[in-house]
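Each chain, letter by letter, is given below.
There are 2 protein chains.
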Amino acid sequence: MFKRHLFRRAAILGTGLIGGSVALALKSRGLVERIVGTSRQESSLKAAMDRKVIDEAYTDVNRAIQGADLVILASPVKVIVENIKDISKHLRRGCIVTDVGSTKASIVDAAQKHFPPHVLFVGSHPLAGSEKSGVLFANADLFKGTTCIMTPTEKTNKLAKEKVKHLWTCMGADVKFMPPVEHDEVLAYVSHLPHLVAYSLMHAIPDNFLVHASTGLKDTTRIAGSSAKMWGDISLANYRNVLKAIDDNVKALSEIRKAIVDRDEEALAKFLNQARAKRESLEKKI
Amino acid sequence: MFKRHLFRRAAILGTGLIGGSVALALKSRGLVERIVGTSRQESSLKAAMDRKVIDEAYTDVNRAIQGADLVILASPVKVIVENIKDISKHLRRGCIVTDVGSTKASIVDAAQKHFPPHVLFVGSHPLAGSEKSGVLFANADLFKGTTCIMTPTEKTNKLAKEKVKHLWTCMGADVKFMPPVEHDEVLAYVSHLPHLVAYSLMHAIPDNFLVHASTGLKDTTRIAGSSAKMWGDISLANYRNVLKAIDDNVKALSEIRKAIVDRDEEALAKFLNQARAKRESLEKKI
Numbered sequence: 001m002f003k004r005h006l007f008r009r010a011a012i013l014g015t016g017l018i019g020g021s022v023a024l025a026l027k028s029r030g031l032v033e034r035i036v037g038t039s040r041q042e043s044s045l046k047a048a049m050d051r052k053v054i055d056e057a058y059t060d061v062n063r064a065i066q067g068a069d070l071v072i073l074a075s076p077v078k079v080i081v082e083n084i085k086d087i088s089k090h091l092r093r094g095c096i097v098t099d100v101g102s103t104k105a106s107i108v109d110a111a112q113k114h115f116p117p118h119v120l121f122v123g124s125h126p127l128a129g130s131e132k133s134g135v136l137f138a139n140a141d142l143f144k145g146t147t148c149i150m151t152p153t154e155k156t157n158k159l160a161k162e163k164v165k166h167l168w169t170c171m172g173a174d175v176k177f178m179p180p181v182e183h184d185e186v187l188a189y190v191s192h193l194p195h196l197v198a199y200s201l202m203h204a205i206p207d208n209f210l211v212h213a214s215t216g217l218k219d220t221t222r223i224a225g226s227s228a229k230m231w232g233d234i235s236l237a238n239y240r241n242v243l244k245a246i247d248d249n250v251k252a253l254s255e256i257r258k259a260i261v262d263r264d265e266e267a268l269a270k271f272l273n274q275a276r277a278k279r280e281s282l283e284k285k286i
Numbered sequence: 001m002f003k004r005h006l007f008r009r010a011a012i013l014g015t016g017l018i019g020g021s022v023a024l025a026l027k028s029r030g031l032v033e034r035i036v037g038t039s040r041q042e043s044s045l046k047a048a049m050d051r052k053v054i055d056e057a058y059t060d061v062n063r064a065i066q067g068a069d070l071v072i073l074a075s076p077v078k079v080i081v082e083n084i085k086d087i088s089k090h091l092r093r094g095c096i097v098t099d100v101g102s103t104k105a106s107i108v109d110a111a112q113k114h115f116p117p118h119v120l121f122v123g124s125h126p127l128a129g130s131e132k133s134g135v136l137f138a139n140a141d142l143f144k145g146t147t148c149i150m151t152p153t154e155k156t157n158k159l160a161k162e163k164v165k166h167l168w169t170c171m172g173a174d175v176k177f178m179p180p181v182e183h184d185e186v187l188a189y190v191s192h193l194p195h196l197v198a199y200s201l202m203h204a205i206p207d208n209f210l211v212h213a214s215t216g217l218k219d220t221t222r223i224a225g226s227s228a229k230m231w232g233d234i235s236l237a238n239y240r241n242v243l244k245a246i247d248d249n250v251k252a253l254s255e256i257r258k259a260i261v262d263r264d265e266e267a268l269a270k271f272l273n274q275a276r277a278k279r280e281s282l283e284k285k286i
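Protein sequences, first through last, are from chains A and B.
The first sequence begins at 1 in this note's numbering and counts up one residue at a time.
The second sequence begins at 1 in this note's numbering and counts up one residue at a time.
Just so you know, nobody snuck in bad clues.
Each computed PhoX-like pair below joins lysine-lysine, with the alpha-carbon atoms no more than 25 Å apart:
(1) A:Lys278 x B:Lys132
(2) B:Lys229 x A:Lys251
(3) B:Lys132 x A:Lys285
(4) B:Lys229 x A:Lys284
(5) B:Lys251 x A:Lys258
(6) B:Lys284 x A:Lys229
(7) A:Lys251 x B:Lys244
(8) B:Lys278 x A:Lys218
(9) A:Lys229 x B:Lys251
(10) A:Lys132 x B:Lys284
(11) A:Lys113 x A:Lys158
(12) B:Lys144 x B:Lys176
(13) B:Lys218 x A:Lys278
(14) B:Lys218 x A:Lys132
(15) B:Lys285 x B:Lys270
(16) B:Lys244 x A:Lys218
The set of hints was computed from the structure by calculation and includes no laboratory data.
If you're wondering where the values come from, they're calculated on a predicted model, not measured in any experiment.
Produce the entire structure from the sequences given, and follow the hints as far as they go.
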């Protein structure tokens, strides 16, 4: 469908776990000739060069994007929105821009507001990652077998949409399309809420009890090992949906609480059984 | 320290995942000559016989305990308390009784109230199990590398305590002692709360969003696949501690909520970072 080197020069702004993995994935599949990267942390940039994740390193985003025909915004959500404003005047004509941000409405809004018509933006959110962060954990197959949600709108250039879809597909992801607003609502529940629940669960447990924990608690809170900065950032960027999800979760906990206070064995069993059936359906769905 | 066949005849009341695994573990290590089992579900009893988990099967607990010098109560907590009352008059002199219940205060109380002085009871809680239930998942090495909390009190017979400790140690568990009341408080936080949080999280997520979930949600809610009956039962048996743990969890969620509403990036990052550090310490502890 497309020639082998789909892009000549890709700039990856933010060479962390996801940005670094995109770089390795694009390179290993021969999708891009040359990859340049930026990071606000010099140590991270150095590590990306040392590991040959990128070919050139910059701290200035506007130097990095010079001559790029593909730009991938891979910083935390708040920084992505800042990057969009910063680079909007300096991108070359026809440049395709995508991102890997965990929330989409604010990013797509900023792109549609700030990018000139000759810059072709389409939003992406690869549902990949881990509680580990940083370029040292980057790998070329991080996206294999995962889902990537792309959020084109009616303003999105069709060729940009197809080319970016092609990139994710080649990197091993199954691409789904969703409007940005719907994406943010869905992800608030299936991703952002579980993270905040895991953090709050860890917070609620007295320190001296932890030594008696077993695998149940470990699994339930694995994602509380994730970057606090990143998840704070995501919670603020998607605050309306996240607040609604937190409230629904507290409502569910209150239902359990009421059944326990009322000693209502039947109501409690019914509630827990419904949740259990949903958990079983999840096993089949993903 | 003890002769090879420590017990001649063990009765396991409740041949589910844990009861069945205890039977297999005791047998495979030659700790008991003959094992009889009971279950209120005939299918479960048949499966236990078919898999040679037990040597004899009974539906009547008082027939099962005839001549037993070891009785292991392995039903749900509520049933264990009923079993204690039912069998108390029929146990042979010097019989050692233990249990595997997930809460301890109500069980130890019932045992101290109902068992005559010639019956030697000591409470146990093996921190093993899985979201799977039933004798089909039972295995002789379920307790290997796990912790078993025993809850002797000042009334506990010393030899019974040492013999039961020896059994768990031989089955591969690391035995810790804890007063029953402390056990229930600690477990409310490190085990009962995570289960209820996982169930409530599943409950809060709209069905049609589940298809977009990824590994984070799956891990966080794995234990929501556990037996609803069992966890309802545990929550009611340990209700005071469980309610306190739920309230502390809601408080933690409310702190996150407030930081998001206030757009207080710093407070949010501080809260999440504390939780993250605690999660990291957990990795080292267990």
